[in-house]
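Chains as they are written, first to last, in my numbering: chain G, 11 to 123; chain V, 339 to 450.
These are computed hints drawn from the structure, not numbers from a lab. All of these numbers come straight from a predicted model, not from anything done at the bench. Any given hint could turn out to be false.
[Claimed, not checked] Pair ranges (Cβ atoms, derived): (1) V:Thr409 <-> G:Asn80: 37 to 47 Å; (2) V:Gly416 <-> G:Gly63: 19 to 29 Å; (3) V:Gly416 <-> G:Asn72: 37 to 47 Å; (4) V:Asp340 <-> G:Ser61: 18 to 28 Å; (5) G:Thr15 <-> V:Pro378: 26 to 36 Å; (6) G:Thr96 <-> V:Thr364: 41 to 51 Å; (7) V:Tyr377 <-> G:Gln32: 35 to 45 Å; (8) G:Ser28 <-> V:Arg405: 38 to 48 Å; (9) G:Met37 <-> V:Asn397: 30 to 40 Å; (10) G:Lys81 <-> V:Glu353: 14 to 24 Å; (11) G:Thr17 <-> V:Asn397: 35 to 45 Å.
[Claimed, not checked] Straight-line distance between alpha carbons at most 35 Å, and here's what the computed DSBU-like set of lysine-lysine pairs gives: (12) G:Lys81 <-> G:Lys24; (13) G:Lys67 <-> G:Lys81; (14) V:Lys406 <-> G:Lys19; (15) V:Lys406 <-> G:Lys67; (16) V:Lys415 <-> G:Lys81; (17) V:Lys394 <-> V:Lys406; (18) V:Lys449 <-> G:Lys19; (19) G:Lys81 <-> G:Lys19; (20) V:Lys449 <-> V:Lys394; (21) V:Lys415 <-> V:Lys394; (22) V:Lys415 <-> G:Lys19; (23) V:Lys415 <-> V:Lys390; (24) V:Lys415 <-> V:Lys398; (25) V:Lys415 <-> V:Lys449; (26) V:Lys390 <-> G:Lys81; (27) V:Lys390 <-> G:Lys67; (28) V:Lys394 <-> G:Lys67; (29) V:Lys394 <-> G:Lys81; (30) V:Lys449 <-> V:Lys406; (31) G:Lys67 <-> G:Lys24; (32) V:Lys398 <-> V:Lys449; (33) G:Lys19 <-> G:Lys67; (34) V:Lys406 <-> V:Lys390.
Glycine included, every Cβ here is placed at the ideal spot set by N, Cα and C.
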Amino acid sequence: NAGVTQTPKFQVLKTGQSMTLQCAQDMNHNSMYWYRQDPGMGLRLIYYSASEGTTDKGEVPNGYNVSRLNKREFSLRLESAAPSQTSVYFCASSETGMNTEAFFGQGTRLTVV
Amino acid sequence: GDSVTQMEGPVTLSEEAFLTINCTYTATGYPSLFWYVQYPGEGLQLLLKATKADDKGSNKGFEATYRKETTSFHLEKGSVQVSDSAVYFCALRISAGNKLTFGGGTRVLVKP
Chain G
11 NAGVTQTPKF
21 QVLKTGQSMT
31 LQCAQDMNHN
41 SMYWYRQDPG
51 MGLRLIYYSA
61 SEGTTDKGEV
71 PNGYNVSRLN
81 KREFSLRLES
91 AAPSQTSVYF
101 CASSETGMNT
111 EAFFGQGTRL
121 TVV
Chain V
339 GDSVTQMEGP
349 VTLSEEAFLT
359 INCTYTATGY
369 PSLFWYVQYP
379 GEGLQLLLKA
389 TKADDKGSNK
399 GFEATYRKET
409 TSFHLEKGSV
419 QVSDSAVYFC
429 ALRISAGNKL
439 TFGGGTRVLV
449 KP
């Protein structure tokens, strides 16, 4: 079972470069999320998609864009990377519902220099 | 807005000690509550959950009770093992549609 797959696992960017983080899930979940994890700050929601064709801003959306390409895939794009975007990024998915479990990918460690 | 507050870590314990991690929440409405665990180098995974007041979630020796009157969901384990060393996150979901809101995480280190 692949679950939630994120690529790449590690990335180093120079300030101003762009990149796309890829995420795919094979559980037929409606909802997908992008979080960033910073020391002492827990997980903060960047964007989420409650269903295919919809996306909504989370707590920290500035500097990011997302695309829900289809039900399986949800990508996160940094158009012009900044050092403040150095973080660990997690993609997650869940079925619709108050009580459903969210499944997380292994994370992408991004460093912007 | 909705928020989750956890005790700051790190929490350092000896094996077989009792563990408590405090979690309180602020929410409009009646959330579902979750504890997730993150082992080193991995993503988060669900540890337990509770969906209504006075529910108790339990898994792997961990327990947490949904206390509406104190808006709390404290995590407890009676006898920790070295393998319980991880970061623990309290989280809530307020609606079916659907985002999870996380606390800051508590790092737990269990020494032999």
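Against the structure, the hints come out as follows:
Our hint of 37 to 47 Å for threonine 409 of chain V and asparagine 80 of chain G holds, since their Cβ atoms are close to 39 Å apart. Taking the beta carbon of each, glycine 416 of chain V and glycine 63 of chain G are about 47 Å apart, not inside 19 to 29 Å as hinted. Checked against the hint of 37 to 47 Å, the pair glycine 416 of chain V and asparagine 72 of chain G passes, with Cβ atoms roughly 44 Å apart. Under the hint 18 to 28 Å, the C-beta atoms of aspartate 340 of chain V and serine 61 of chain G, about 21 Å apart, fit the expected range.
Range check, threonine 15 of chain G to proline 378 of chain V: about 20 Å between beta-carbon atoms, so the 26 to 36 Å window is missed. A hinted range of 41 to 51 Å for the beta carbons of threonine 96 of chain G and threonine 364 of chain V is inconsistent with their spacing of about 29 Å. Checking the proposed 35 to 45 Å range against tyrosine 377 of chain V and glutamine 32 of chain G shows it is violated: the Cβ atoms sit about 24 Å from each other. For the pair serine 28 of chain G and arginine 405 of chain V, the supplied restraint of 38 to 48 Å holds, since their beta-carbon distance comes to about 46 Å.
A C-beta distance of roughly 20 Å is found between methionine 37 of chain G and asparagine 397 of chain V, which places it outside the suggested range of 30 to 40 Å. Separation of lysine 81 of chain G from glutamate 353 of chain V is about 45 Å and departs from the stated range, judged on CB atoms against 14 to 24 Å. Between threonine 17 of chain G and asparagine 397 of chain V the beta carbon distance is about 30 Å. The supplied range of 35 to 45 Å is therefore violated. Of the pairs offered as hints, the one joining lysine 81 of chain G and lysine 24 of chain G holds, with about 32 Å between alpha carbons and a cut-off of 35 Å not exceeded.
Note on lysine 67 of chain G and lysine 81 of chain G: the hinted pairing holds, with a Cα-Cα distance of about 18 Å set against a maximum of 35 Å. Proposed proximity of lysine 406 of chain V and lysine 19 of chain G is contradicted: the alpha carbons are some 40 Å apart, above 35 Å. Proximity of lysine 406 of chain V to lysine 67 of chain G is assessed by CA-CA distance (about 29 Å); at most 35 Å being required, the pair is judged to hold. At most 35 Å may separate the alpha-carbon atoms for a hinted pair to count; lysine 415 of chain V and lysine 81 of chain G exceed this at roughly 38 Å.
In summary, the hint linking lysine 394 of chain V to lysine 406 of chain V is supported, as the alpha carbons are separated by about 12 Å, within the 35 Å threshold. With a CA separation close to 30 Å, the supplied pair lysine 449 of chain V and lysine 19 of chain G stays within the 35 Å bound. Taking the CA atoms of lysine 81 of chain G and lysine 19 of chain G, the gap is near 22 Å; set against the 35 Å cutoff, the hint holds. A hinted pair counts as satisfied when its Cα atoms are at most 35 Å apart, and lysine 449 of chain V with lysine 394 of chain V qualifies at roughly 28 Å.
For a cut-off of 35 Å, the pair hint linking lysine 415 of chain V to lysine 394 of chain V stands: about 13 Å separates their Cα positions. Proposed proximity of lysine 415 of chain V and lysine 19 of chain G is supported: the alpha carbons are some 33 Å apart, at most 35 Å. A threshold of 35 Å between alpha carbons decides the hint, and for lysine 415 of chain V with lysine 390 of chain V the separation of about 21 Å falls inside it, so the pair holds. A C-alpha spacing of about 9 Å is found between lysine 415 of chain V and lysine 398 of chain V, which places the hinted pair at or below 35 Å, so the restraint holds.
Simply put, lysine 415 of chain V and lysine 449 of chain V have alpha-carbon atoms about 15 Å apart, close enough for the 35 Å limit, and the pair holds. The hinted pair formed by lysine 390 of chain V and lysine 81 of chain G meets the criterion: a straight-line CA distance of about 30 Å does not exceed 35 Å. At most 35 Å may separate the alpha-carbon atoms for a hinted pair to count; lysine 390 of chain V and lysine 67 of chain G meet this at roughly 27 Å. Between lysine 394 of chain V and lysine 67 of chain G, the direct Cα distance comes to roughly 32 Å. Compliance with the 35 Å bound is thereby established for this hinted pair.
Of the supplied pair hints, the one linking lysine 394 of chain V and lysine 81 of chain G holds, its CA atoms being roughly 34 Å apart against a limit of 35 Å. Distance restraint check for lysine 449 of chain V and lysine 406 of chain V: the Cα-Cα separation of roughly 34 Å lies within the 35 Å cut-off, and the hinted pair is therefore satisfied. Among the hinted pairs, lysine 67 of chain G with lysine 24 of chain G is consistent with the structure: their alpha-carbon atoms are about 25 Å apart, no more than 35 Å. For the proposed pair lysine 398 of chain V and lysine 449 of chain V, the alpha carbon gap of about 19 Å is at most 35 Å, so the pair holds.
Between the alpha carbons of lysine 19 of chain G and lysine 67 of chain G the distance comes to roughly 24 Å, so the proposed pair stays at or under 35 Å and holds. Distance check on the hinted pair: lysine 406 of chain V and lysine 390 of chain V sit about 8 Å apart at the alpha-carbon level, within 35 Å; holds.
The structure fails to meet hints 2, 5, 6, 7, 9, 10, 11, 14, 16 from the earlier list, while all remaining hints are met.
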